[in-house]
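**Q** Each chain, written out:
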Amino acid sequence: MNGSLPFWPEQASSHAAQLDMFILAFSVLVALLAIPVGILIFVFAVKYRRNKSVDRQHAPNRKVWLEVSWSVLPFLAALGFYIWSTALFFDLNHPPSGTLDIFIVAKQWMWKAEHPGGQREIDELHVPVGQAVRLIMNSQDVIHSLYVPALRVKQDVVPGRTMSLWFRAEKPGVYWMTCAEFCGTDHSVMGGKFYVQTADEYAAWLARSGVDLSLAASGEILFRKYGCSGCHAASSVVHAPDLTGLYGRSVALANGQTVIADEQYIQDSILLPQKQVAAGYGPIMPTFKNILGEDEVIQLVAYIKSLRQASWRVK
Amino acid sequence: MTVGATLETSPERTSYLRAGYTLWSWLATTDHKRIAVLYLYSITAFFFIGGIAAALMRLDLATPGGDLLSNEGYNRAFTLHGVIMVWFFLIPSIPATFGNFLIPLMIGAQDLAFPRINLASWYLYILAGLFTLYAMIVGGVDTGWTFYTPLSTLFANGYVVAALLAVIVVGFSSIFTGLNFIVTVHKLRCPGMTWSRLPLFVWSLYATAMILVLATPVLTMLLILVCVERVFGIGILNPDLGGDPLLYQHLFWFYSHPAVYIMVLPAFGVLSELVTAAARKRIFGYWFIAYSSVAIAIIGFLVWGHHMFVAGESMYASAVFSFLSIAVAVPSGIKVYNWIATLYKGSISLDPAFLFAMGFIGLFVIGGLTGLMLAMIAVDVHVHDTYFVVAHFHYIMVGGAVTAFFGALHFWWPKITGRMYNITWGRITAALIFLGFNLTFFPQFILGYLGMPRRYHVYPPEFQVLHVLSSAGASILAMGYLLPFIYLLYSLRHGQPAGPNPWGATGLEWTVPSPPPKLNFAETPVVTRPPYDYPIKDPMSRE
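Sequence order for the protein chains is A and B. Counting from 1 along the first sequence, just add 5 to a position and that's the residue number in the numbering used here. Counting from 1 along the second sequence, just add 3 to a position and that's the residue number in the numbering used here.
Hints were generated in silico from the structure; no laboratory data involved. Watch out, some of these pointers could steer you wrong.
Under the rule of at most 27 Å between Cα atoms (straight-line distance), these lysine-lysine pairs were calculated in the BS3-like manner [claimed, not checked]:
{"no.": "1", "chain 1": "B", "residue 1": "Lys-521", "chain 2": "B", "residue 2": "Lys-190"}
{"no.": "2", "chain 1": "A", "residue 1": "Lys-230", "chain 2": "A", "residue 2": "Lys-176"}
{"no.": "3", "chain 1": "A", "residue 1": "Lys-117", "chain 2": "A", "residue 2": "Lys-176"}
{"no.": "4", "chain 1": "B", "residue 1": "Lys-521", "chain 2": "A", "residue 2": "Lys-52"}
{"no.": "5", "chain 1": "A", "residue 1": "Lys-68", "chain 2": "B", "residue 2": "Lys-348"}
{"no.": "6", "chain 1": "A", "residue 1": "Lys-112", "chain 2": "A", "residue 2": "Lys-52"}
{"no.": "7", "chain 1": "B", "residue 1": "Lys-521", "chain 2": "A", "residue 2": "Lys-57"}
{"no.": "8", "chain 1": "A", "residue 1": "Lys-230", "chain 2": "A", "residue 2": "Lys-117"}
{"no.": "9", "chain 1": "A", "residue 1": "Lys-68", "chain 2": "A", "residue 2": "Lys-52"}
Chain B on its own, in the form it takes in the complex (with noise of 0.2 Å):
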């Protein structure tokens, strides 16, 4: 008893967030834990900086004429959205907050390999965020997120070079955290945590972190290329100079294609660990789940074609594109599955946490079933460019991704925080974000199939009415978004006490202190179960 009270007080278990109160202690951290709070601050600065470009968009579209901004400052608009919603808040969120804050705590390792590198990455990832402010907000760019020579590099006015530069730079960051998931799994698994006791977050993490490192040096590669032919006139994407502008496209999507499952595979790892939480059950096939994650990993980088059905690629080609993006879809349908074969004879809470999780699925399951007939390629012809895809890839990147951050935001709380908030309101939250994101994106299916093109500013009349409801449903969706904000900061000072284990889940990041100590574990933690060792039940019991 005396031990361990001694080991409470001493200054190595103190909770992380009093290690220091000094702006320094913040900004020079190597503790994995903090460098995460760091990273959650700012990216939820960018998601609302992106947000607001996306709500100054239905609001411009509310009207056929787009009476709000000219063309020009629409089109700045959607390329400010996309790029920051994409590099600076989807593709690090999940790995960079929950991923670096857990993977120790989940592996039973005090920090993550390269705790420098660590934070080398969030400074070059702020660094890249802030030039990247800078180019678009004065200068102002107009090229789309998508950037497609030969447009960026010979037509498009503003701050393309500077923009670019900063998207090679936040690559970096994100190979710098790639690099330290992989070696951090490894070679930090405490004992006993063997490859099959491993919670699916961090699998699924791992598989992020593997897309992470092999295809973001493609897209340094590429946006390379674009600044040489720019600077020193050598023809590789303008055709005037014998280049190619298809070239650009493969080696884009190439990047961007596997970028998708950047953002999706960690949400996929969250869902493992929400599902089985709130069923208080172990995992229904817990191998087809993890080496789902390992598949879509690498079919993923063999389906990038999709993206070029129109584009003047083969038709052969096409043909084996689409076929290969129909076997993508697979591994991603075996996980929803489990999911629901997890929940039978579970015990099931309907805490935010697992509301968010059903949304998820709900919404994911739309966004990748549209993506399968996306997949077929007369489908493509028809409507590729139209808002049949930007709502596709919404139901994916925000109806997918990002509730998945705001599930793992409601579970993890307790733990960073060591505070409980309203549970109230996080289930009514959980509500909005889900009828507000429908609201906002199903009718983007109707307008796509009518033929409506995406990034118009002005329209055909006669979209008018399912455009307003889709600006009518943004705004409850931004609502959704807002209200986190007050309950959860609110917590910070008034919520209760969490305890260590709030949710009574498995996993050794519920074994220490909420929040936890400077150093994660006071002695080495040895495991001995699998992984979602829930207990099994008795006969007709209420647990």
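Chain A on its own, in the form it takes in the complex (with noise of 0.2 Å):
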């Protein structure tokens, strides 16, 4: 058994902080709407008591007045933390530009993590201090949830969907890293160690765990070794889209919609050809769902995002 009590989480961000004033400050607002219920039950109970000798008359059976103001007050009070916490809330889902972004597959019972240098980890993951990292996550099976406490965020990570969580550690240490979904037999011993190093220490680990080539390097290598490149070459004479600064740019799809072609956009134009079209292309490419493992996946998603710096080609 561990010698010390523990009260209260670990802050390793500044979102932790003020999620924990947060608490601190709405703990006061439930102490004032609780604390008098607690004493005037007993008050009552003891004044009140049968057998006693006390002044019962013109006890009142309704009053409007208090009645609205015991409705009214406590949630206009609510509504000012619920502004608060909904702005905090919407912090977490606007990450800053300029992320690091690493991406994450989920599977029963397991965590894997992939650099954009190339490298790799499981159930351990390595990010900089003071740095935005943005993890991409995938699951393989079920649904999962990326949790850690240090830093007071969670993320679901849904099979068929390309979740995404972004957060700024911002102190160096150790922490705990876990699954908070339920996910079958193994549920709770699916988690490891979340690492917040300083720049130095972490370009250190990157070079120490480095592999021959970053994610982007090996997804152009993929992306000729399976053809991709024979259609979506610009000299190419198939008419396929060409994918130079596709990332983060509108698409119009050819049922009407428009949407923004992000991660979850590029995977499923690999994985689901046929979900989303691209208005003006025909429904022509195969699926490749069957053929790439998940690690190929990444890597072309990575190379992919990585075409960003041409200008797109006015047609």
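Each of the two chains sits in its own frame; use the hints to bring them together as a complex.
**A** Next up, the structure:
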């Protein structure tokens, strides 16, 4: 048994500190609403006990102003906290530009991470301190949920969708990373360590775990190996969209909708090409669902994202 | 006098308990009071089965390594605990026992509108219950009571489809009960029993019945969709077939959030009866309490998305659901403040039933306000799927609904059985349950904020102290739940006859003998006075 009795979780980010501030302030409101109930129930139970001689005359049966005030005032107070909490939540949904994008694959019962340089790790995640990091997450089987209590964030990872989660860890250290969504037999041991490292340590770790090729470079090889370039190259005779500068752009679809080409869109286009067909192109692309492994999909997505430097060719 | 005596001895005026002694006279009864007793026996049995699973879990969690059960065994234990407690105890608990017994008596009717459907609902319940036990104990189900896809459809071991079928069947039992209550309250009120004279217990069960009838079919349809996908391979929820797992969660919580109000609205109704009887005073704010039940029933249908803040729901949808979840707390708050105001200048007796009511208010306030915390999205992102949520909903469902169930049991036991139980033991039990409950579940709020996820068989060692506290509390709580078995059963044989109205309470159910005769009322009662019409107090009176 651990000797210390913990009462407050570690704070590894400024979001964690802000949320703790929120919960403490909100606890004050909660106490203001609850304590009068606790006191009055005892006071009345003692003061108006049966067989006790006490003035019981003119007991009210209704008082509208009282009813309205104890309905409306707590609600208005809670609304103030609602605005504060929703603002914190919106921040969690708006990553800054220039994030370090790390791919995560969840499966029963492990977390696998792939860094842009091609470094991979299992049940561990190394991130640099002070840098905004975005996790781009997919599940291979059931719903999982990546949870780092020290950051006060979690995000479910739903199969068939690409989910993302961003954070900026601000205190170096080793924290607990785990799965919060029940995912089967070994759910409770699906977790590991979350390392927040200084820039130097992180660079050293990347170098130690180094591989020959970055994700994008591996993806470029695959792009040719699987024949993607045969259709998607600018010089191709097949009528297929040019992918240069695609990432982050809005794409008109054949069904009249418009979507932003994010990681989910790119991945879906590889695995489920008929789901969202770009306007002006025939639905001729075959699926690569049973051809590509999960690592290869990540490498291809990273490669296509890397094609953003060149400007989009106007047609 | 002679007329009265003949009435008392005529077969119709003998107690419902003496109307027949054979097993068949019980199993084929259409008397709402006997069906209520059948339900009381059966839900008590399920409560203890679910309780054994909980005890196993708490014992197992005393050590971080989970040395008692295997991972699989632990997952099966919490699935059994959840499924049994939700569908076979909490949802039927107060409505099917006390609602069945009391609604006709409270509104001056001889029975529910459809006595045979009432009996059919009990048979469906038993059928589904036995089938669930078979599926869970023989086959084992390890999906959690939520049956989230695709875990439940593609990856789980065990008898998932069997368990789903049982839940579909028990849903029809709920729908039958709800339908019966709605028609009864509309059509069978005695002369003078206007809507403004309806006991608040009946108002709350009326609102509950609306939810039962409107929400349960959604669950039924959803589980049928799951079966259709499994059997015919039609893509509805499975992403590989073009379905969407989040559709499951939306439909599931569209039922399961209102289901929380199915559990707690009847408890509110019980509280209004207990508080007025203990204070011998008219309820403060009758219409606010009555309409707040209806408001909860309506708004309760619009908050399901707060279960999905981190599931991939749109950010704007989350903001709306967060707002509505704060709004639904208002009518619950109104009720609590009105009960307190009712005590003011009352004549309060500390009978066991009132001690349970005090316990309910304390636990429900904590459960409700932590629910308000969870409605704040940023908080939920951190504590969703942790012990914080586990503690919150146990405060509502166990601290709230189960405590109210025990309060109701101690209040109406003399009416149902005709006997008084030992008051001192009743008070000790109320205190034990309150203390044991808080010791069990308060540490779980801290565990949750520290980041301890729920449904974890193995956990980091630094959480052990709080887990051991929680398990110790669970043993006290278990004692509190077992004690009534002894003194209530003892009272059946040795208790003093209770007389028609041992608490001096108002309400038509207290005007008939205890236990009530087979035919509730010798002649149709006529109501001429408002509800809770306790006499106005004299100056400086002791009453």
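**Q** Determine for every hint whether it applies to the structure shown.
**A** Hints and how they fare:
| no. | hint | verdict |
| --- | --- | --- |
| 1 | B:Lys-521 to B:Lys-190 | holds (21 Å) |
| 2 | A:Lys-230 to A:Lys-176 | violated (43 Å) |
| 3 | A:Lys-117 to A:Lys-176 | holds (23 Å) |
| 4 | B:Lys-521 to A:Lys-52 | violated (42 Å) |
| 5 | A:Lys-68 to B:Lys-348 | holds (15 Å) |
| 6 | A:Lys-112 to A:Lys-52 | violated (61 Å) |
| 7 | B:Lys-521 to A:Lys-57 | violated (40 Å) |
| 8 | A:Lys-230 to A:Lys-117 | holds (25 Å) |
| 9 | A:Lys-68 to A:Lys-52 | holds (22 Å) |
Hint compliance for this structure: hints 2, 4, 6 and 7 are not met, and every other hint is.
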